[in-house]
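Participant: Based on these hints, arrange chain F on the given structure of chain P.
In case you want the letters, here they are:
Number of protein chains: 2
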Amino acid sequence: MLSTVVFYSASLCRRVVIQSYSIHRRRIHSVIEYPLTHPIYTIWASNTSLGKTLVSAGLSISFISSSTRSSRKKFVYLKPIQTGFPEDSDSRFVYRKFSDFFAYKPLPFSVYASNRVLKASIPASSVLMNDRNEVFVDEVVGKGKKIGDGFKNVEWYEERKLQGNESNESELFPVSEVVCETMYGWKEAVSPHLAAEREEAMVGDSELLNLLKRCLGNGLVGTTYSSVESEVFCLIETAGGVASPGPSGSLQCDLYRPFRLPAILVGDGRLGGISGTISAYESLKLRGYDVSAVIFEDHGLVNEVPLLSYFRDRVPVLVLPSVPKDMSDDLISWFDKSQTVFTSLKEIMISDFLERTQRLNDMPKKACDIFWWPFTQHKLVPEEKVTVIDSRCGENFAVHKSVDWISQQFDACASWWTQGPDANLQIELARDMGYTAARYGHVMFPENVYEPALELAEILLEGVGKDWASRVYFSDNGSTAVEIALKMAFRKFLSDNKVLLDLVNSDVNGRCMDLKVLALRGSYHGDTLGAMEAQAPSPYTGFLQQPWYRGRGEFLDPPTVSMCDGTWEVSLPGKLQSDKSGQECLLVQGAGGMLMIDPLYQRILVRECKNQKIPVIFDEVFTGFWRLGRESAAEMIHCQPDIACYAKLMTGGVIPLAATLASDDVFEAFTGDSKLKALLHGHSYSAHAMGCMAAVKSIKWFKDPNTNMNMMSESRLLQELWDSELVVQISSHPAVHRVVALGTLCAIELLAEGSNAGYGSMYASSLLNKLRDDGIYMRPLGNVIYMMCGPLTSPEVCRSILEKVYARIQEFGQH
Amino acid sequence: MLSTVVFYSASLCRRVVIQSYSIHRRRIHSVIEYPLTHPIYTIWASNTSLGKTLVSAGLSISFISSSTRSSRKKFVYLKPIQTGFPEDSDSRFVYRKFSDFFAYKPLPFSVYASNRVLKASIPASSVLMNDRNEVFVDEVVGKGKKIGDGFKNVEWYEERKLQGNESNESELFPVSEVVCETMYGWKEAVSPHLAAEREEAMVGDSELLNLLKRCLGNGLVGTTYSSVESEVFCLIETAGGVASPGPSGSLQCDLYRPFRLPAILVGDGRLGGISGTISAYESLKLRGYDVSAVIFEDHGLVNEVPLLSYFRDRVPVLVLPSVPKDMSDDLISWFDKSQTVFTSLKEIMISDFLERTQRLNDMPKKACDIFWWPFTQHKLVPEEKVTVIDSRCGENFAVHKSVDWISQQFDACASWWTQGPDANLQIELARDMGYTAARYGHVMFPENVYEPALELAEILLEGVGKDWASRVYFSDNGSTAVEIALKMAFRKFLSDNKVLLDLVNSDVNGRCMDLKVLALRGSYHGDTLGAMEAQAPSPYTGFLQQPWYRGRGEFLDPPTVSMCDGTWEVSLPGKLQSDKSGQECLLVQGAGGMLMIDPLYQRILVRECKNQKIPVIFDEVFTGFWRLGRESAAEMIHCQPDIACYAKLMTGGVIPLAATLASDDVFEAFTGDSKLKALLHGHSYSAHAMGCMAAVKSIKWFKDPNTNMNMMSESRLLQELWDSELVVQISSHPAVHRVVALGTLCAIELLAEGSNAGYGSMYASSLLNKLRDDGIYMRPLGNVIYMMCGPLTSPEVCRSILEKVYARIQEFGQH
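Protein sequences appear in the order of chains P and F. With the first letter of the first sequence counted as 1, position 123 gets the number 131 in this note's numbering; the numbers rise by one all the way through. With the first letter of the second sequence counted as 1, position 707 gets the number 715 in this note's numbering; the numbers rise by one all the way through.
Rather than coming from a laboratory, the hints here were simulated on the basis of the structure. Worth double-checking, as some hints may not be accurate.
Because identical chains cannot be distinguished in the list, a pair is counted as satisfied if it fits within a single copy or across any two copies.
Unchecked claim - Derived pair list, reagent style EDC-like, types lysine to aspartate or glutamate, alpha-carbon separation capped at 20 Å:
| no. | residue 1 | residue 2 |
| --- | --- | --- |
| 1 | 373 | 412 |
| 2 | 778 | 455 |
| 3 | 708 | 466 |
| 4 | 374 | 455 |
| 5 | 373 | 455 |
| 6 | 685 | 377 |
| 7 | 618 | 504 |
On a predicted model such as this, the values are computed, not experimentally measured, just so you know.
Bound conformation, chain P alone:
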């Protein structure tokens, strides 16, 4: 695929710069949160100049009009990004239209309106100072203070009191108000990324979101006019179209995504506007936004007919009367005429908001009532322990905390070790998922071929299967991948021991021998019966869980490696045993408590199995795809299996898919003239297109140093993600028994004794509850806690998490 620009005349030397400058811009480190005590909406448009600000002003009028003597209202309007400033100022426009309207048609009581500007580029702030008397006719308090990055803190403010038309009013009477704010202004009337560049006034995405978060918080605070609680309504107006770049160059629909605020879309009523409106809506959906309404100005083309047909049952469509060319009455009569529409819009927005908060509040109880969670004793999960996840943005959940707050938590368990994407890759995957569903849905696999399945098979054989695997068998999850691997290994073993195969063929009943696996004690390979049988007996395999389980293996106690008190140590087991057939191997035992098995031990074991013609299976479901810093754990122990299983992170963590890779020898054990000799195992969605596409995209993205800043280009290794000094410090803490930090994993075993140790232990729960307050979502494996990031997570994020964990361990140790 080409990735160049063909430009008709200009020099091409800027190509390189263009291609790589934006991908790592959006590493957002601040914790995003916003209140759910009142509606906060973002207003988007399918193009510039479609009247977003008219809609904002109309909503402000409609909302404040509903004030009564006993019900005070506060309408907050935020314009984070304003170009062409101060000539163009949408917050001033809303302030003015609102004021003019109520000056002309006063309410029974007084209303306050204000407009504030927080920061302006130096060129914009100079104009602001010069034009002071011309532009701002109301009371103006302005002071300019130069700050970094080419901005001045202008703190420009104007306000008006709109007198009510009833005489019995006093200053103590509850007062409604409209608060308008421009966050950043640039002088040139061009796209924000151009204005920011030309005026040398740049603002990073994180910084902008942080200021927005503060402004949203301010919406809660009572004003100077009254101590009475007010009903608040907040509107954030974007600049240009939904995918217009913000000041950093990030598209605005990406820039604001961490908040994922509900949206209003201002559509286009002109010729061609149907298409633009639908496409803009689809771009919002492709970022996970919910759109509460579409509204547009009538241009006599009845665009609402096809739009309604498209939006049927999903989104209400509202039509505003044409805006008159003659604006001599300052649009007062237009706003008047439009009030029914704005009131409908406002009601839709408020009702959607109430529905959303109601649902969020109801969800824990409903979940406790009808879900049956895996690996969960429901009696031990009271409603208040249930986490309501509103969305995910990269490595972070947005959770509904207490009654009235949406807040981010870092998904430190990587959602059962599946997760890889950051916010950028997530959006790329979203588009690819939409595309793949539209192009293929799912199509039948056997005897067929289609691009995503073929490309994934190629990528797997060139990557994790390089130099040993020749075939790819797809299934749905790690457990099925292991069941398939076992079937392959059994056949290979029989085929390598022809005497045995003859025995099988000559025995009508065919139950002529007892095949066992050689496996590591403490390993976990999945919960279907075949995968369970390859695990050593434990409470998880007991009669109470699965009466059919027998434990068909010889199980070894391997030596493990971990850091204690700052040094790496090997823990030796009792002694070794050895016996027949398939053997499974993995570098780190995940569910078994994040134990890192001695690599040398594994290498020798594999070599010995190969010498004895025992087929070797690597279960890389957990360890594959850079989970431990390398594409496969096999790279680390420097030997190759006959069969290997992959799942979890393979698709980047969006969707289930598994692959069992096999060598040519294994495959050959199944070929012949009879279908009955083939591997007769399959699942309906074998090699489903969406899973394959997600895997193709994710593996390529992880591997490419242009998209994965953690990838060291020569070695194809991830850089160290966990600060090594901090790891040593933690391992030396008296409350800590051992630490394993490798690739995306940092596991900490807390020193515990008796019932505090082991998988069933609740020992770590108070620690984990506090970490959730710190914005880190962890789940323990008994007294082992772990943090898991993705291959794309920046070391800075990892460091900040580790610091928080260390601080909480210090508190914990003092108990």
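Facilitator: Same frame as chain P, now just chain F:
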């Protein structure tokens, strides 16, 4: 969610019409196909008036300019939909610009150009006749003939010979040519759906696509000027923006989707144009289109910088010089100046085309080399038997047939019985999949709650679980759902037999008794070991396939029901047996050969199990969600299970997801104070958001008579899909043994003896090969062939398939 329009003044009475008129418009019955012998591209734009036609003309000039003495070129330009006609005519514009350019800058040899109009609305065709002398200055042959639907077959034609500048030319010399065609013209310069309505000249989507297919076929045919094979390049220009409605009201990106031709997107270089370009691209991706290049006119805003950042590595971006306001030279100098860009564009398009065809040709061999297909003896699948699936549109595959053709085949095996969507639902699902990936990706399930999982659990309990189930346990596929169901049933059985439970609890080793299932012989429940154990012994469970299989059940031979010679018959089995523990039940045995088990037998069996406190599992993986005409098979046998398994069609067939539903009694057997009493079974992607969302959408869509025309609103049953007379006829054919037609399934057992019977038989393969030529993709179960449609498939489509099958059976019977 609201679904109304709020309109500022107009009467609201058209609401109802608006909301329901378009959803069933796009039932396309014709078989879509197009040649791959030469590039065929569709040119789209992000808005109106961005210069699609300039790009078309530029490409025509660039392509023909590359002609040489020995290489004849043919450029075909098609404009399917033209409004504002004949004043506006893009095909005439291309014809003119091309002609003017080569009249001014002649090639060494002559070139022909022609422009044709096929159909015009009556108002448009009157103007065409009147304006004849003004509008068409070249040789014009016009005749108007009234046809149905308000169109005239105008067959308007003009052509020019552009003399070469070398003297030694003769008429025999290979001649290059540009062929321009307008398919449908309307007079008013408004959106096609409005023009079609106002001029009472409607054209259905099917009809339009059929004409387009014919026009594309014509591109292959040699012209009158030469018998020499020419190199062809074909361009189809759409009208307006990507999501502008076509004449029927279908969005054009939906209308043309069955062809899924590669695309060129003309973007927008103006202020706000970045957003519109990106959104339009995303709308194309959300319909499964591949975009080869984005091109736009420079307006001095360097829109290419953010566009390149967005399109990085995916799509090349090209920038055209600004179009001069002064057009006095007919843009000749502009076309001249733009030739480098057009030539780059042309080369990108040709190279993408060659890459695509090369890949399609290579895929079968690569698939045979590296895939390991499930249930497939690779030695029996030669390369030429491999089907290359380019895409799916609703129930149809687009397959790559022979070397140079893309053609539709009806997916009559519903891709292993998973499929439900038609073209409309597929596009809805695609958007929802993109949204869900962007909003959630996948998030951790245990102790958490998020909307798609909760909503799906609610829908399942109100639907298939109504009146009996209270809990939903999610997993990944039918096999895991069955493993979970077995674990539930065992515990329930122990819990109901407290003596046994005490025995278990007192026995340290816990292997105190042998639990078995009571199941039906011939049933299939999946390929993981636990699911296999619940199946009767067969070659599929033998030692060669899984040495650990023992067959832990008592297996019954049930009576079956089918139609033979036009009458329904019950086949009685040997005799019944009966024994302990869980029992599985399903109305139709799918993999076992589409046997319909006697419902009365099942009802009695279930009642008897319940009497004896044996927990009952319904395996509804295949039968659930209207597969057999009702939401669940349980509705048909009028009794309820304790546990039931669902998968396959649950997600509409896009993505794997399974659910095991359980009654409260079953759930209670797992509650207690210890985690070890909980059901300790789970998969990483348990209740993954995308699967849940697909299921929510699909189940609602299938159930709603407003979206599913097959749903009879009172009874919640599907209407009969298979023509009953035809079914009787087929069942009476001498080559046919029996027929089962129920819901979306029509299975036909061919009369066969000895090795021709049974699952391994190749008996039906010649029949199925012929049906693939008829555009029907089927897979046999030995001598049983079946057709499976989706719950949304129209009875007309089913009828046409059944007719083709009947015709082939008649041929087959004569062998």
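Participant: For each hint, tell me whether it holds in the structure or not.
Facilitator: Structure-based check of all given hints:
no.: 1; hint: 373 <-> 412; result: within (17 Å within a copy, 59 Å between copies)
no.: 2; hint: 778 <-> 455; result: between (54 Å within a copy, 17 Å between copies)
no.: 3; hint: 708 <-> 466; result: within (12 Å within a copy, 38 Å between copies)
no.: 4; hint: 374 <-> 455; result: between (44 Å within a copy, 12 Å between copies)
no.: 5; hint: 373 <-> 455; result: between (47 Å within a copy, 11 Å between copies)
no.: 6; hint: 685 <-> 377; result: between (47 Å within a copy, 18 Å between copies)
no.: 7; hint: 618 <-> 504; result: within (12 Å within a copy, 49 Å between copies)
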